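Work the whole structure out from these sequences, hints included.
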Amino acid sequence: MLPLFKRRRLDIQHFPGFGGFSFLFYLYLYAPILVLILYSFNANQSATVWTSFSLDWYRAAFNNQALRSAAGNSLLIAVCASVIATVIATLAALGTSRGARFKGMRLSIGAIMLPLVLPEIVVGVATLGLFSSIGLSLGYGNLIIAHTVFCIPFAYLPIRARLEDMDLSLEQAANDLYAGPWRTFTKVTLPLLMPGIFSGLMLAFIVSLDNFVISMMVSQAGTTTLPIFIFGMLRMGVTPDVNAVSTLILAVSVLFVSLSFLLGKSRT
Amino acid sequence: MNSRPIAPGSALERRRALGSLLGVSPALLAIGLFLLVPILIIAAYSLMQANPYGGVDQVFSSEAYTSLLFERQLDDSLAFTDSYLIIALRSVGIATATTLITLLIGFPVAVWLAMQPIRRRGLLIFLITIPFWANLLIRTYAWILLLRGTGVINNSLLGLGLIQQPLPLLYNDGAVLLGLVYTYAPFVVLPIYATLEKMDMRLLEAAQDLYAGRLRTLRKVVLPIARPGILAGAILTFVPCLGAMIAPELLGGGTKLMLGNLIFRQFSDARNWPFGAALALVLMAAVMLVLMFYAMRTERLRVAREGK
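Residue numbers (UniProt numbering), protein chains in the order written: chain S, 1 to 268; chain B, 1 to 308.
Hint data in this document are derived by calculation from the structure and do not stem from the laboratory. No false leads were slipped in.
Derived EDC-like pairs: lysine to aspartate or glutamate, alpha-carbon spacing no greater than 20 Å straight-line:
#1 S:187 <-> S:171
#2 B:256 <-> B:269
#3 B:198 <-> S:165
#4 B:220 <-> B:205
#5 S:187 <-> S:164
#6 S:103 <-> B:13
#7 B:220 <-> B:209
#8 S:187 <-> S:167
#9 B:198 <-> S:164
Listing some non-contacts, in silico: residues in chain B with all C-beta distances to chain S over 10 Å:
#10 81
#11 162
#12 163
#13 210
#14 220
#15 300
#16 305
Please read these numbers as outputs of a predicted model, since none were measured by experiment. Glycine residues also receive a C-beta, built at the ideal position from the N, C-alpha and C atoms.
In structure tokens:
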């Protein structure tokens, strides 16, 4: 690129004030989160004035039996729901992006996206209505079913994106070398698709871990999830151990999103 | 899509279509059984009588829909009441205000992002998506730390001597609005950026060559190109805001209700399932209307662009 051209480009593409405004926007996005993290390390009981660095609230959080069991419930539900949703979503993505078109394909994709489109409270109310009308009371099972449904589109999107990015010629080459459909699928398509599948799995996992509204509607006594527990703590009033728990959950989410992002980008 | 040309209607083609259908069927089964059927069930619930202990009695009643607008008096006559209408209008108002503010904030940020060197963009976009994936409950709670009477903002202002009394920043519509804008701003930035990313930068040069100032270039060149992204961002913000529950509950103090909270309460404290189901259906219908409007607009934009 010629230096002259470059300078001219920079000139036209510069809108004064937009850079500063964007900087403020990033500040707005991160300020509350940074304050939360900072306060989680604060020794002061009142959680308003900074006194000194301390890990007391993390210790208090780890020692809270009810909190630990809520975290355990959340993990169990998130693992089950995200794995089931990813299997279903992988099959669905293969169905919509590989193989022939079929009647009602656009409608099917629309149906898969439905949990994303409907307001969470409507999904929650509807699921509660189903469980109460058939008297289904499986404890964790109810929550796993509810979570699986809304995790499907989150797992489906990255897997489909990966499938559509993939080079078809590799699968054709396998075909030409007399690999049957099953062999082509297990030896070529699936390994190439793996980053997309992992990416979808991670997103489904966080979405399940973070869900509050639907869990709140569906959960019964004894199956309190972490967000429901935190909501209960917040209703009691702001205490510093909420900050510690929140920081830990944020860390887990950021870790998984980063993994998903890196895997989604990786080229094989 | 097909890896090799196959005559349509051939046996092989039919087999592949069957395979596709088989692949999609578990997803359709799950969503049909656990989302579509449940919606039909709550539609039925909305036409039944409330059981005072929660749940419904299977007796037909249109009470749930009547009580959207009317209150039953002691002598069993109906009187018009606007209390739920006000909550619905507040929800629409707050959702509209949130959408407008997020667009005003999101557009300049998206334009700035699109003008950044490509190598830097990935990280900048990633930084915008991180808060979006972080737990909504926790992000909203973080604002309490900033806004409350003894929070960071009030303490700083008091410390600087700018105010004598803590400002009432929390538990009002403003706080709810702030929390919603915070939640949905990334939903606006990303689609607008996605439309601008593909923009031909020579258009900007052309505008400048024709003596258009920066403001005019923004209005006449960038804005029209960003229009599909602006529309998508507006929908992505407006629709979830209508049913928002966490921000009104935590930042609004749970007194100024929005539709989401109102629905939730019918299933928790109020124990009026049919009314809650009716409200959920009304909300769903509103969302569907907005989405249909969106589908029609994007189709018109597409036709205008590609000429059929």
